[in-house]
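Visitor: The residues making up each chain are set out below.
6 protein chains.
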Amino acid sequence: MNRIEEFRERRQRHNERILEIDHLGIKRFFRLDNAAYEPGALDSKTKEMLGLVASTVLRCNDCIDYHLDQCVEVGLTDDELYDALNVALVVGGSIVIPHLRHAVESIDLIRAGADGDA
Amino acid sequence: MNRIEEFRERRQRHNERILEIDHLGIKRFFRLDNAAYEPGALDSKTKEMLGLVASTVLRCNDCIDYHLDQCVEVGLTDDELYDALNVALVVGGSIVIPHLRHAVESIDLIRAGADGDA
Amino acid sequence: MNRIEEFRERRQRHNERILEIDHLGIKRFFRLDNAAYEPGALDSKTKEMLGLVASTVLRCNDCIDYHLDQCVEVGLTDDELYDALNVALVVGGSIVIPHLRHAVESIDLIRAGADGDA
Amino acid sequence: MNRIEEFRERRQRHNERILEIDHLGIKRFFRLDNAAYEPGALDSKTKEMLGLVASTVLRCNDCIDYHLDQCVEVGLTDDELYDALNVALVVGGSIVIPHLRHAVESIDLIRAGADGDA
Amino acid sequence: MNRIEEFRERRQRHNERILEIDHLGIKRFFRLDNAAYEPGALDSKTKEMLGLVASTVLRCNDCIDYHLDQCVEVGLTDDELYDALNVALVVGGSIVIPHLRHAVESIDLIRAGADGDA
Amino acid sequence: MNRIEEFRERRQRHNERILEIDHLGIKRFFRLDNAAYEPGALDSKTKEMLGLVASTVLRCNDCIDYHLDQCVEVGLTDDELYDALNVALVVGGSIVIPHLRHAVESIDLIRAGADGDA
Chain A
1 MNRIEEFRER
11 RQRHNERILE
21 IDHLGIKRFF
31 RLDNAAYEPG
41 ALDSKTKEML
51 GLVASTVLRC
61 NDCIDYHLDQ
71 CVEVGLTDDE
81 LYDALNVALV
91 VGGSIVIPHL
101 RHAVESIDLI
111 RAGADGDA
Chain B
1 MNRIEEFRER
11 RQRHNERILE
21 IDHLGIKRFF
31 RLDNAAYEPG
41 ALDSKTKEML
51 GLVASTVLRC
61 NDCIDYHLDQ
71 CVEVGLTDDE
81 LYDALNVALV
91 VGGSIVIPHL
101 RHAVESIDLI
111 RAGADGDA
Chain C
1 MNRIEEFRER
11 RQRHNERILE
21 IDHLGIKRFF
31 RLDNAAYEPG
41 ALDSKTKEML
51 GLVASTVLRC
61 NDCIDYHLDQ
71 CVEVGLTDDE
81 LYDALNVALV
91 VGGSIVIPHL
101 RHAVESIDLI
111 RAGADGDA
Chain D
1 MNRIEEFRER
11 RQRHNERILE
21 IDHLGIKRFF
31 RLDNAAYEPG
41 ALDSKTKEML
51 GLVASTVLRC
61 NDCIDYHLDQ
71 CVEVGLTDDE
81 LYDALNVALV
91 VGGSIVIPHL
101 RHAVESIDLI
111 RAGADGDA
Chain E
1 MNRIEEFRER
11 RQRHNERILE
21 IDHLGIKRFF
31 RLDNAAYEPG
41 ALDSKTKEML
51 GLVASTVLRC
61 NDCIDYHLDQ
71 CVEVGLTDDE
81 LYDALNVALV
91 VGGSIVIPHL
101 RHAVESIDLI
111 RAGADGDA
Chain F
1 MNRIEEFRER
11 RQRHNERILE
21 IDHLGIKRFF
31 RLDNAAYEPG
41 ALDSKTKEML
51 GLVASTVLRC
61 NDCIDYHLDQ
71 CVEVGLTDDE
81 LYDALNVALV
91 VGGSIVIPHL
101 RHAVESIDLI
111 RAGADGDA
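Chains as they are written, first to last, in my numbering: chain A, 1 to 118; chain B, 1 to 118; chain C, 1 to 118; chain D, 1 to 118; chain E, 1 to 118; chain F, 1 to 118.
A few of these clues could be false.
Computed beta-carbon distance windows for the label pairs [said to hold, decoys possible]:
| hint | chain 1 | residue 1 | chain 2 | residue 2 | range |
| --- | --- | --- | --- | --- | --- |
| 1 | B | G113 | C | N15 | 21 to 29 angstroms |
| 2 | D | G113 | A | E6 | 20 to 28 angstroms |
| 3 | D | G113 | B | K27 | 51 to 59 angstroms |
| 4 | C | I21 | E | D43 | 48 to 56 angstroms |
| 5 | B | K27 | A | E6 | 50 to 58 angstroms |
| 6 | B | K27 | F | D43 | 20 to 28 angstroms |
| 7 | E | R8 | B | M1 | 24 to 32 angstroms |
| 8 | B | G113 | F | V74 | 34 to 42 angstroms |
| 9 | B | D115 | E | D43 | 51 to 59 angstroms |
| 10 | B | R10 | D | N15 | 43 to 51 angstroms |
| 11 | B | N34 | A | L19 | 43 to 51 angstroms |
If you want a taste of the chain C side facing chain F, the calculated C-beta under 10 angstroms gives, among others [to be verified]:
| hint | residue |
| --- | --- |
| 12 | V57 |
| 13 | A88 |
| 14 | L89 |
| 15 | V90 |
| 16 | V91 |
| 17 | G92 |
| 18 | G93 |
| 19 | S94 |
| 20 | V96 |
| 21 | L109 |
Source of the hints: derived by calculation from the structure; they are not laboratory data. Keep in mind that this is a model prediction, so the values were computed, not measured. Using N, Cα and C, we set each Cβ at its ideal position, and we do this for glycine too.
With the hints as constraints, model all of the structure from the sequences given.
Guide: Here is the structure:
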């Protein structure tokens, strides 16, 4: 398993454990989180990019990888993702650079994995 | 002058003073910052929303007001802005709420000012 | 009106405006936020202190004032609040000091106001 | 060694190296840090939960693990810890979720290790 | 009173109130904070600039003003301060710009006040 | 390869990939970032320490390691680096401690590597 595949497996396993502990507030938060990216006044492409940029300026690699998976799924191109990451870089500064490096590698891994599935 | 008008006046006055001190690195950063929102692979509407959400999760009222001004200028609707702010709220949590309150008031003030100009 | 009274008035007015815009995700978040402090495995005193310390290390004065209002309401003493704020200071560092100064003044204003109500 | 045991070993080894470099300010900070969690106006259970929630909203896994170790030691139950983590989740937003996943796994590992010691 | 003079008065008044509440941990933290900027392996000029840049990337205007007061006191020039602020801008990104604007205005006010004292 | 050597290799490989994607804004940001540490009103030693402290209070291990490499290169002593890290610890609080532990280990690894090169 590469880094993205490990992330997906770990994320799913941990999310299942969290549902198992059955805390009402936490379960509601998870539903609210999913609902925020469903199409509404804004479409899914835009919302996933908003999630990606928010995750990048707040510097959370797991959140970046999750949103990049979704961004690729809804059909965003590499150039669109780089443009979004550039906004995150300018807003968040050089402290964001390690997460930019992580994100660009993740995009490459996700694209390679999607090809491999075909 | 209302809060938004005061912000615009103060921002412009301070930016002029910063150009006056004539620091090469700072001047270059300001140009890079402007360039990040020019249309490219993503259009201006999307980029301004990315700037808005990044500013909101990082909890900077001046940055929120600046991007809201631009968001209104490029033609985003209230419902689109509320949807973007909702993503920021879910990603950033209840600590973002005071800035959500600020943002909603700013949208109202900017719309009222735009009407007043007509 | 003193600073705390102005905060309460502004907060209520802005929250009413936010309910008015009637965004489903935002309304659900507000309900989830309220529910998090209702007694459960932990009592309200503990939960309000958790909210206070989280707000202090994240350095949000409006959030600090809101939780201090609740802390006083549920019967926490000044010494308990100072002990909680000390944890926030040690975890968050000297960058927290301006918010510690704000919090101590807010406690004094809230106590004075509560006396004035009697 | 599982993840928690590795964390404990690494933490102790690094803390010993830091004491060895013998910087007066750093040594004083470490003492101040320990003192903040000693019982005073608030008991140790409350203070450790404050430390846990502060660490979670500031998104530091090592700090979360350290405070979870202490929380278990002073006798907090899983339900109390989940309730504290839920406050952190609501205050800090979905960006906290990867740290919530980490924390829940750490609780399981710490409980399993405590059983294993018996 | 201008903005800097108001800050100094408010800061002193609030610090006196904090000493009055007489919390041992908080008092020790304040001493530790002062000690960190006393000359040691690094001189005061360097340490004050470190405090300034840390305050700027963490985006705390009160902390920026405090350290700028100290920076001027120990004899740093405007060009040195602008160079330090430029590092903070590049590391912290455009979200730092409102604090850069604040800092440049504060430098001007502090210099004007120092001239006025002569 | 030890941890520092792996960081250097990974950083270089990822930076090359980022140059390859050839995004004008990102490339300009990288140049601006490099330029910020070139000697000007402040010398390289001071600027690298500013970068180190900014990276430490913002809690980015990759950024810490990068600046420590540069700090050693420009000739800063261990005692100077510890003094800078102490300022970061006091400003940023106990949440910085895991990064202080990381930094002290990195200094040891960098010094050992520099000896090994001789």
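Visitor: Is the shortest C-beta separation between C:V91 and chain F less than 10 angstroms?
Guide: holds, 5 angstroms
Visitor: Using the beta carbons of B:K27 and A:E6, state whether their distance is inside 50 to 58 angstroms or not.
Guide: The hinted range 50 to 58 angstroms is violated for B:K27 and A:E6, with Cβ atoms some 44 angstroms apart.
Visitor: Do the numbers back the hint for C:V57, that is, is its least Cβ distance to chain F under 10 angstroms?
Guide: The hint holds - C:V57 has a Cβ within 10 angstroms of chain F, the shortest such distance being about 8 angstroms.
Visitor: Against chain F, is C:G93 within 10 angstroms by beta-carbon distance?
Guide: holds, 3 angstroms
Visitor: Using Cβ atoms only, decide whether C:A88 comes closer than 10 angstroms to chain F, and label the hint accordingly.
Guide: holds, 9 angstroms
Visitor: Please check whether B:G113 and C:N15 have a Cβ separation lying inside 21 to 29 angstroms.
Guide: Holds, since B:G113 and C:N15 (Cβ atoms, about 23 angstroms apart) stay within the stated range.
Visitor: Does the nearest C-beta of chain F fall within a distance shorter than 10 angstroms of the C-beta of C:S94?
Guide: Cβ of C:S94 sits 5 angstroms from chain F, so the hint holds.
Visitor: Given the range 43 to 51 angstroms, decide if the beta-carbon distance of B:N34 to A:L19 lies inside it.
Guide: Since the Cβ atoms of B:N34 and A:L19 sit about 46 angstroms apart, the hinted range of 43 to 51 angstroms holds.
Visitor: Per the CB criterion, is C:G92 less than 10 angstroms away from chain F?
Guide: holds, 4 angstroms
Visitor: Would you check whether C:L109 satisfies its interface hint, that is, whether its CB is within less than 10 angstroms of any CB in chain F?
Guide: With Cβ-Cβ at 26 angstroms, over 10 angstroms, it is violated.
Visitor: Using 10 angstroms as the Cβ threshold, decide whether C:V96 counts as touching chain F.
Guide: Holds. Min distance 7 angstroms.
Visitor: Could you check the hint for me, namely that E:R8 and B:M1 are 24 to 32 angstroms apart, CB to CB?
Guide: holds, 27 angstroms
Violated hints, listed in ascending order, are 5, 8 and 21; each of the other numbered hints is respected by the structure.
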